[in-house]
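Undergrad: Single-letter residue listing:
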Amino acid sequence: MDLESQAQIKKIVEENGKENTIVVLGASDVEGSEIAAETLTSGDPSFAGPLAGVSLDLPVYHIFEPEVMEAIPKEIYDRNVEMIRMTVDTEEVAKKFKAIRLASIKKWNV
Amino acid sequence: MFKNKNVIVVGERDGVPGPAIAECLQAAGANVIFKTTECFV
Chain A
373 MDLESQAQIK KIVEENGKEN TIVVLGASDV EGSEIAAETL TSGDPSFAGP
423 LAGVSLDLPV YHIFEPEVME AIPKEIYDRN VEMIRMTVDT EEVAKKFKAI
473 RLASIKKWNV
Chain B
13 MFKNKNVIVV GERDGVPGPA IAECLQAAGA NVIFKTTECF V
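Those sequence lines, one after another, are chains A and B.
The opening position of the first sequence corresponds to residue 373 in our numbering, with each subsequent residue numbered one higher.
The opening position of the second sequence corresponds to residue 13 in our numbering, with each subsequent residue numbered one higher.
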C-alpha cells in the first residue's frame, strides 16, 4: 500500500480514534485487496511504511461484497461499480474479507 | 450499515477508484473522512 496513504490514514486514526470508523477497498484483484486489508488491520506486511508494526485493527470491507452493495442505492452502485464487479470473483472476495474481519475480532477475544 | 460511520476509502486505478466508492458510500449515509486511489502496478 502507498506509503503516503499509510501515513495519512495513521494520522487520521491517531487524531480521531478508530471508533465508528471503517475502511472500504476497491482493488480489482483479490491479492492486492488482501495486502491492503492486512496493512490496515495487522500492519504493513512489507515493513516499509508508517504502518509497519502498527495494528490499526479497522474493520475492512470491499466494495464488491454483497452486504456493501445492498447498502448503496442501486443506480449509484451500478453507475460506479457494477461494470468492474462483473469481471471479478465476488464470492471469493466476500469469503476472504469475512475471514479477515473474523481474524481481527478473534485476536481481541482470546 | 454506513449511516453516520466515518469511512476511509482506498480505491484502485484498475479497480474502483476512490471518488467512485466515495460517491456510493455518501449516498448510503457515510461520512467519508479520507479517500485515495492507489496504483498497485
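Wrong hints could be hidden among the right ones.
As the list claims (entries may be wrong) - BS3-like, lysine-lysine: derived pairs with alpha carbons at most 27 Å apart:
id, chain 1, residue 1, chain 2, residue 2
1, A, Lys382, A, Lys479
2, B, Lys15, A, Lys468
3, A, Lys446, B, Lys17
Said to hold, decoys possible - Footprint (simulated), chain B over chain A, 3 or more residues, beta carbon under 8 Å:
id, stretch
4, 376 to 387
5, 399 to 409
6, 424 to 430
No wet-lab data here; the hints were simulated from the structure.
These figures come from a predicted structure and were not determined experimentally.
All C-beta atoms, glycine included, are put in the ideal place defined by N, C-alpha and C.
Undergrad: Next, verify each hint and record whether it holds.
TA: Verification of the supplied hints:
About 20 Å separates the Cα atoms of Lys382 of chain A and Lys479 of chain A, which keeps this hinted pair within 27 Å; it holds. Straight-line distance between C-alpha atoms of Lys15 of chain B and Lys468 of chain A comes to about 24 Å, which keeps the hinted pair within the 27 Å bound. The hinted pair formed by Lys446 of chain A and Lys17 of chain B meets the criterion: a straight-line CA distance of about 20 Å does not exceed 27 Å. Check result for the stretch 376 to 387 of chain A against chain B: holds, 4 residues qualifying (beta carbon to beta carbon below 8 Å, three or more required).
For the stretch 399 to 409 of chain A, the stated coverage by chain B is satisfied: 5 residues place a CB nearer than 8 Å to a CB of that chain, which reaches the threshold of 3. Here the stretch 424 to 430 of chain A counts 1 residues with a CB under 8 Å from a CB of chain B, which misses the bar of 3, and the coverage is violated.
Checked against the numbered hints listed earlier, the structure breaks hint 6 alone; every other hint is satisfied.
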